[in-house]
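With the hints as constraints, model all of the structure from the sequences given.
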Amino acid sequence: MLWMTSNARPVPSQLEEDMKTSILAAGALMTATMAAAQTPVLTVYAGDYFTSEWGPGPVIEKEFEAICACDLQFSVGDLLPRLMLEGTNTEADVVIGLTTDVLARARETGMFAPHGQDLSALTLPVAWPDDIYIPFNWGHTAFIYDETRMAVPPATFDDMRRLPEAVKVVIQDPRTSISGLALVLWVKAVFGDQAGAFWSDLAPHILTVTKDWSESYGLFTSGEADMVLSYTTSPAYHMFAENDLTKKAALFPEGHYFMAETVGKIAATDQPALADQFMAWVLTPAFQSVIPAANWSLPSALSQDQWPEGWATLPLPERVLFLSETEAEAMRAEVIEEWRAALSQ
Amino acid sequence: MARSAVSITGFGVAALVVALTLLPLGAVFLRAGGWPAFGPGDWQAVVFTLQQALLSAIISCGLAVPVARALARRRFWGRRALIVLMGAPFVLPVIVAVLGLVAVFGRAGVVNDALALGGWAPWSIYGAQGVVLAHVFLNLPLAVRMVLLGWQSIPAERLRLGESLGFGPRQVFLHLEGPMLRAVLPGAFVVIFVICLTSFAVALTLGGGPKATTVELAIYQAVRFDFDLGRAGLLAAVQFCLCLSAAGVAWALVRPTPFGAGVDRAMAMNAPGGWRLWGDGLAIGGAALFLLVPLAAVGLRGVPGLAELPGSVWAALGRSLGIALLSMGCAVLAALALSVAVARGVRWAGALDAVALLPLATSGLVLGVGLFVIVQPFVAPARMALAVTIAVNAAMSLPFVYRLLLPEAQAVLADYGRLAQSLGLRGWALWRFLILPRLARPLGFGAGLSAALSMGDLGVIALFAGDRGATLPLVVQRLMGAYRMEQAMGAALLLVAASFALFWAFDAWGRRYAST
Chain V
2 MLWMTSNARP
12 VPSQLEEDMK
22 TSILAAGALM
32 TATMAAAQTP
42 VLTVYAGDYF
52 TSEWGPGPVI
62 EKEFEAICAC
72 DLQFSVGDLL
82 PRLMLEGTNT
92 EADVVIGLTT
102 DVLARARETG
112 MFAPHGQDLS
122 ALTLPVAWPD
132 DIYIPFNWGH
142 TAFIYDETRM
152 AVPPATFDDM
162 RRLPEAVKVV
172 IQDPRTSISG
182 LALVLWVKAV
192 FGDQAGAFWS
202 DLAPHILTVT
212 KDWSESYGLF
222 TSGEADMVLS
232 YTTSPAYHMF
242 AENDLTKKAA
252 LFPEGHYFMA
262 ETVGKIAATD
272 QPALADQFMA
282 WVLTPAFQSV
292 IPAANWSLPS
302 ALSQDQWPEG
312 WATLPLPERV
322 LFLSETEAEA
332 MRAEVIEEWR
342 AALSQ
Chain U
453 MARSAVSITG
463 FGVAALVVAL
473 TLLPLGAVFL
483 RAGGWPAFGP
493 GDWQAVVFTL
503 QQALLSAIIS
513 CGLAVPVARA
523 LARRRFWGRR
533 ALIVLMGAPF
543 VLPVIVAVLG
553 LVAVFGRAGV
563 VNDALALGGW
573 APWSIYGAQG
583 VVLAHVFLNL
593 PLAVRMVLLG
603 WQSIPAERLR
613 LGESLGFGPR
623 QVFLHLEGPM
633 LRAVLPGAFV
643 VIFVICLTSF
653 AVALTLGGGP
663 KATTVELAIY
673 QAVRFDFDLG
683 RAGLLAAVQF
693 CLCLSAAGVA
703 WALVRPTPFG
713 AGVDRAMAMN
723 APGGWRLWGD
733 GLAIGGAALF
743 LLVPLAAVGL
753 RGVPGLAELP
763 GSVWAALGRS
773 LGIALLSMGC
783 AVLAALALSV
793 AVARGVRWAG
803 ALDAVALLPL
813 ATSGLVLGVG
823 LFVIVQPFVA
833 PARMALAVTI
843 AVNAAMSLPF
853 VYRLLLPEAQ
863 AVLADYGRLA
873 QSLGLRGWAL
883 WRFLILPRLA
893 RPLGFGAGLS
903 AALSMGDLGV
913 IALFAGDRGA
923 TLPLVVQRLM
933 GAYRMEQAMG
943 AALLLVAASF
953 ALFWAFDAWG
963 RRYAST
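Chains as they are written, first to last, in the working numbering: chain V, 2 to 346; chain U, 453 to 968.
If you are wondering where the hints come from, they were derived from the structure by calculation, not from laboratory data.
For each residue, glycine too, the CB sits at the ideal point set by N, CA and C.
One should not assume that every hint holds.
So these bits of chain U aren't anywhere near chain V, every CB distance computed over 10 Å [what the hints assert, rightly or not]:
| # | residue |
| --- | --- |
| 1 | 456 |
| 2 | 493 |
| 3 | 532 |
| 4 | 533 |
| 5 | 569 |
| 6 | 570 |
| 7 | 575 |
| 8 | 580 |
| 9 | 669 |
| 10 | 725 |
| 11 | 730 |
| 12 | 740 |
| 13 | 742 |
| 14 | 757 |
| 15 | 763 |
| 16 | 930 |
Away from chain U, derived, C-beta distances all over 10 Å, residues of chain V [stated by the list, open to error]:
| # | residue |
| --- | --- |
| 17 | 112 |
| 18 | 152 |
| 19 | 277 |
| 20 | 287 |
| 21 | 309 |
| 22 | 320 |
Which bits of chain U does chain V cover? Going by a derived footprint, with three or more residues having C-beta under 8 Å, they are [to be verified]:
| # | region |
| --- | --- |
| 23 | 648–660 |
| 24 | 825–831 |
And the structure:
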């Protein structure tokens, strides 16, 4: 696919073009034709948050284009539904942002090729023997509280079953949100057969369940809920972007559920060499150092002493829980139903 | 336009609407290739969906009657501004409305603060009561406007006749207001019932947990999370049947108003004093407080974020305005063609009527996915994101505009059709001098509503936003997803203001055009 094809779109999509771009494109058409004809395009499907000006996309695009002699184009939207819909017609060369808990279903599509990369640079707290997907960030689920409103957080996960009466928690729906799904898997990993009982004990403290993470977090920051299901890295946003030290993650000795986002190469790509170059570049410090402050998560291949200033002070849990994708996928329906049944009482 | 031309246009538009609503559903089924089973949770979802929609629609319509009557017969300073402003909740993006309601009725909201001061037990918004509260907040404005249009459509001559016959409020209700409500309320009820039937973010967030699962939530899960097209299609079909049966029941109850034509002399309705004056004051004051205080909370939360809006917000605003205007144009033209064809009683008018309401019963998400499945062999979905969004928005708002236009179109042609015929008023002249001027009020209101609905819709664009296709609701969601709550609330305020400005501009145009 060449850069020029993106200017030959059907009429309705003309809206898509920013004014500025259209004028520039029209004016520079002749000169651009020459240059563009030689510039290969790497199309990267990314999650919705990725390309906003505060997300990691813009920096990654600029830095990669500086070394690849190519045009990196992000195309954002839902990842897995879109890939499954497009099938072999997909324009994607690389897909970035598939989370660990959907990898089994992504793998099942058979659309991805082995990455062929050396993963020895990874600094994850878990082993990563995957030959198709490369993690580019990670974090854990955690309950976040505001210490001005909750002086004594629960010390263990089990203490969540005995919260003071007035404490209200807001969580996400495992049927519609990836963090909600991580929570039910986390509870299952910690409580096993007792997971249903855990949900029954927590039920009176659940203020409400939201469709996705952002609504929950909005309810928490507006003071409506005392605790919110989020990530261990959430306090970093408040620390570094708002200079607010009052938001903390309640760390539990039982362990916290590991989540990573990954990048994978489409088998049918027409730019295999560029795709490989991108996959390798994801593991380099140039890419990894963008992740913390733009993605508010931990870099997957950067030792702690190279993290941006202050990040090493972020309190993290000692124990990490991780279900392999086959375990997670096998118990997905069951744990969601367990959750639904317990909270529907 | 000759009758045959009206009929041909009507059927052309109808064929398009049928294709636009049923083909995508068919495409989804075809692609899925299977018919999945209906789980136990699904039945619970169906029951909850019906219960909350029924309650929400009954309460919205029930409250709308005293409020609309009070607004119809009282004159006070700021009345017109209040009527317009009270329409704003209907165009609020859902998540913003929820946060506004939570600021007032939530745990840390002003109502519970007041209750605590008085030593009373707190009231929780989370549960079925909160879902209904939110749906009434969102839909009461629409119900009030629809019923108010009904009150304004009672010809002054009938009111005067009633007065000269010495009608008291009871007789006015029996002979004038009752028949008018009989004509207007079922339509308002169905529209609100169906809106509540297909809502899910409000239901889930304020419902307090999976008890408050609606069918639309299950569709969302099937499309966006599981990508189980068979399940999405099945659930969409279930929802389709629920909506259609509701519509069927309500249309069976509609009776056209028996008032006949008037000469459009403005006449203030009799405004009885005594306890009725107090009652009207309570209705207007109560509704204004209920609708405007959460709105003010949204404004207050949004203002600080306005100063630091990122640049992408403005491009998204322009894109959203473009989508809203294009969707509105398509919806209004289609609704006009269909309502006039039905009002003129062309052959198969009943079928046209059903077709105009068809999109109301479909799930926008499934419609969008179906359209993508159809275009996907030819064009990359991301390229079509905006075109599909416009098509879906136009289809989804068509029933509203149609429902607003139809009673007026029927009245115009019944009252003036023969006069126009005897004057030889035909073709463009008929539209220019009779139909458009008489329909201006609902046309303006409908256009405003359609534009505002399209503006605030997040819907299907979230699936395939394309490279630079982000709309304003999507930007609000992205800001929230990146911890930037303050900016998100600022962008949301901008979205509300823009939707409301669109709505107000068309509505005002309709009212001005109607009064000249």
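Cross-check of the supplied hints:
1. 456: Residue 456 (chain U) is indeed farther than 10 Å from all Cβ atoms of chain V, at 32 Å.
2. 493: It is violated; residue 493 (chain U) is separated from chain V by about 6 Å at its closest Cβ, not greater than 10 Å.
3. 532: The assertion about residue 532 (chain U) holds, with a minimum of 34 Å to chain V.
4. 533: 29 Å, holds
5. 569: Since the minimum Cβ distance to chain V is about 18 Å, residue 569 (chain U) lies beyond 10 Å and the statement holds.
6. 570: 19 Å, holds
7. 575: 14 Å, holds
8. 580: The assertion about residue 580 (chain U) holds, with a minimum of 12 Å to chain V.
9. 669: The claim is violated: residue 669 (chain U) sits with its nearest Cβ about 7 Å from chain V, within 10 Å.
10. 725: 44 Å, holds
11. 730: Fine: 36 Å to the nearest Cβ keeps residue 730 (chain U) off the interface.
12. 740: Fine: 24 Å to the nearest Cβ keeps residue 740 (chain U) off the interface.
13. 742: The claim stands: residue 742 (chain U) keeps its Cβ more than 10 Å from every Cβ of chain V (closest is about 20 Å).
14. 757: Its Cβ never comes within 10 Å of chain V, the nearest being 12 Å, so this holds.
15. 763: 7 Å, violated
16. 930: 5 Å, violated
17. 112: 13 Å, holds
18. 152: 18 Å, holds
19. 277: Label holds. Min Cβ-Cβ 23 Å, cutoff 10 Å.
20. 287: Given that every Cβ of chain U is farther than 10 Å from that of residue 287 (chain V), nearest at about 22 Å, it holds.
21. 309: 17 Å, holds
22. 320: 26 Å, holds
23. 648–660: holds (count 7)
24. 825–831: The restraint on the region 825–831 of chain U holds, since 4 of its residues have a Cβ under 8 Å from chain V and three suffice.
The structure fails to meet hints 2, 9, 15 and 16 from the earlier list, while all remaining hints are met.
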